[in-house]
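Trainee: With the hints as extra help, turn the sequences into a complete structure.
If you're matching them up, the sequences are chains L and G in order. The opening residue of the first sequence carries number 1 in our numbering; numbering runs sequentially from there. The opening residue of the second sequence carries number 1 in our numbering; numbering runs sequentially from there.
Since the hints were derived computationally from the structure, they do not count as laboratory data. In this text, a Cβ means the ideal position worked out from N, Cα and C, and glycines have one as well. Accuracy of the hints is not assured; some may be wrong.
[Stated by the list, open to error] Over 10 Å on every C-beta distance to chain G, these chain L residues come out as not near it, computed from the model:
| hint | residue |
| --- | --- |
| 1 | His153 |
| 2 | Ile165 |
| 3 | His185 |
| 4 | Ala196 |
| 5 | Met291 |
| 6 | Glu317 |
[To be verified] Rough simulated footprint, nothing fancy, chain G against chain L, three-plus residues with beta-carbon under 8 Å:
| hint | region |
| --- | --- |
| 7 | 84–97 |
| 8 | 227–241 |
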Amino acid sequence: MLRHITKPALSVGRAAVSTAAAPRTKYGGKTTVTLIPGDGVGPELAESVTTIFKEMAVPVEFEMIDLNREQLKDEGAFDYAIKSLKRNGVGLKGVINRSADFRHHNVEFRGNLDVYANVVRCMSFEGIKTHHTGIDLIAIRENTEGEYSCLEHESVPGVVESLKIITREKSMRIAKFAFDYAREHNRKKVTCIHKANIMKQSDGLFKACCKEVSEDYPMIKYEEQIVDNTCQQLVINPQQFDVMVMPNLYGNLVSNLAAGLVGGAGVVPSKSYGENIAVFEPGARHTWMEMKGMYVANPSAMVLSGAFMLKHLQLHEAGDVLIKAVKRVINRGEVRSRDLGGSCTTREMTRAFLAELDAIHSE
Amino acid sequence: AVVSTQVREAVVSTQSTGVMPNLYGDIFSDLTAGLIGGLGLAPSGNMGKDGIAIYEAVHGTADDLVEQNKGNPTALLMSALMMLRHMGLKTHADKIEGAVLETLKERKFVTGDIGGTATNPEYAAEICRKIKG
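Mentor: Here it is as structure tokens:
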């Protein structure tokens with residue numbers, strides 16, 4: 001197998017402020033990262049990543065933390081996961097199913113760690129038959145406030161009030177992140193997605209912050225678009241989009257919609273950044289509880305997330321070759337999981353990635 | 001279903017019905033309009049208490065198309081047909097709808113938003129011709 005891919009590549013280019021290397025736990029040349037498989041099909045997808053990393057002999061040690069519905073009844077388990085991520089600075093995770101006591105663990109996760117910027121890149125795959133081709137958009141979602149503030153109350157029986165929080169501080173922060181990201185990755189346009197015609201103060205503030213930040217980046221085109229129109233535009237002409245920045249809920253909807261356009265939740269990875277932390281996870285976050293244990297889920301998104309994690313750790317050679325292998329397998333279309341119209345299992349997809357890695361090594 | 005899953009599924013499946021709160025409905029109606037060809041085609045109705053019903057196109061004012069006879073009247077027309085059905089005038093609604101669908105299928109007299117060159121009055125005239133038979 002690929003035992004030679006162990007030396008870290010030289011750092012290429014200048015990282016943007018927010019995607020700069022986080023503090024790392026390193027022992028004996030190996031970096032420790034937190035791995036949280038999560039619920040549903042999560043453990044099967046995580047197995048795919050650990051198998052591949054082992055075969056590739058990448059210098060990464062996983063600190064595996066099991067957080068499923070049962071474990072979350074113990075408060076300590078969740079807090080330990082947070083501590084681990086803060087210590088290691090880098091993590092790979094699946095989705096945690098909501099526990100019985102209605103704590104929104106995924107939301108708390110992001111708030112506690114302040115992983116404020118979720119980045120989902122949706123790119124068309126040649127080998128996946130979709131209505132639209134040539135898509136390459138980046139959805140940047142503010143991940144810690146907005147409609148996910150989880151501040152709800154029933155002041156009168158049968159009448160629930162939900163508070164959507166938008167702050168200048170977090171809006172400026174995500175806008176700056178989006179423009180820095182666009183600049184770092186040579187993207188030409190940033191579109192602010194909002195509904196300020198109705199939510200004049202909250203989305204109005206968000207929009208105003210994006211506009212203010214845009215003035216510091218004259219080389220990048222800035223546009224604004226109302227979210228319902230955006231959803232329509234995404235299904236009519238998705239190629240028009242480049243980088244998109246938006247508050248929490250719209251980010252959730254737009255990134256899921258865009259994932260559907262390029263092949264679904266099985267193939268889209270994402271990365272989330274905080275000041276000193278980076279978490280990698282599949283872009284469309286669903287546990288698929290019904291299929292738990294059946295090994296039918298597509299591991300591509302999780303494996304690609306793992307590959308992007310390797311790049312974040314400056315292991316560019318390993319990350320790039322893994323991305324290349326996954327793309328080749330998907331584009332060739334011979335080994336396809338259910339979501340891509342085939343019938344291969346998670347493990348068969350993993351074996352196909354490994355075989356492709358071998359093939360690339362021999363080239 | 002969780003709205004993010006529904007939105008993702010909507011772009012890959014062909015049939016879905018859903019009931020949802022205000023914001024999601026706003027997003028979903030534009031999204032599904034886009035899936036079938038755009039806002040020029042999507043009708044809607046607003047139902048209230050005591051049988052009150054207001055029918056309207058999903059689209060907005062389209063300020064960029066004002067006074068050019070370029071707007072596609074299908075959305076408003078189909079909304080009017082929903083209204084006729086609500087009033088019990090199904091036969092009339094079906095007859096007009098048949099003419100609309102045939103005109104759209106032939107694509108000889110359709111408006112610019114769906115790839116044609118006809119003006120609004122030309123499109124309407126063709127539908128009238130088909131109704132007269």
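Trainee: If a hint holds in the structure, say so; if it doesn't, say that too.
Mentor: Verification of the hints:
1. His153: The claim stands: His153 (chain L) keeps its Cβ more than 10 Å from every Cβ of chain G (closest is about 17 Å).
2. Ile165: Consistent with the label, Ile165 (chain L) stays out of reach of chain G, its closest Cβ about 16 Å off (over 10 Å).
3. His185: 25 Å, holds
4. Ala196: The claim stands: Ala196 (chain L) keeps its Cβ more than 10 Å from every Cβ of chain G (closest is about 13 Å).
5. Met291: 14 Å, holds
6. Glu317: The claim holds: Glu317 (chain L) sits with its nearest Cβ about 33 Å from chain G, beyond 10 Å.
7. 84–97: It is violated, with 0 qualifying residues against the three required.
8. 227–241: The restraint on the region 227–241 of chain L holds, since 9 of its residues have a Cβ under 8 Å from chain G and three suffice.
Hint 7 alone, counting from the list given before, is not met by this structure.
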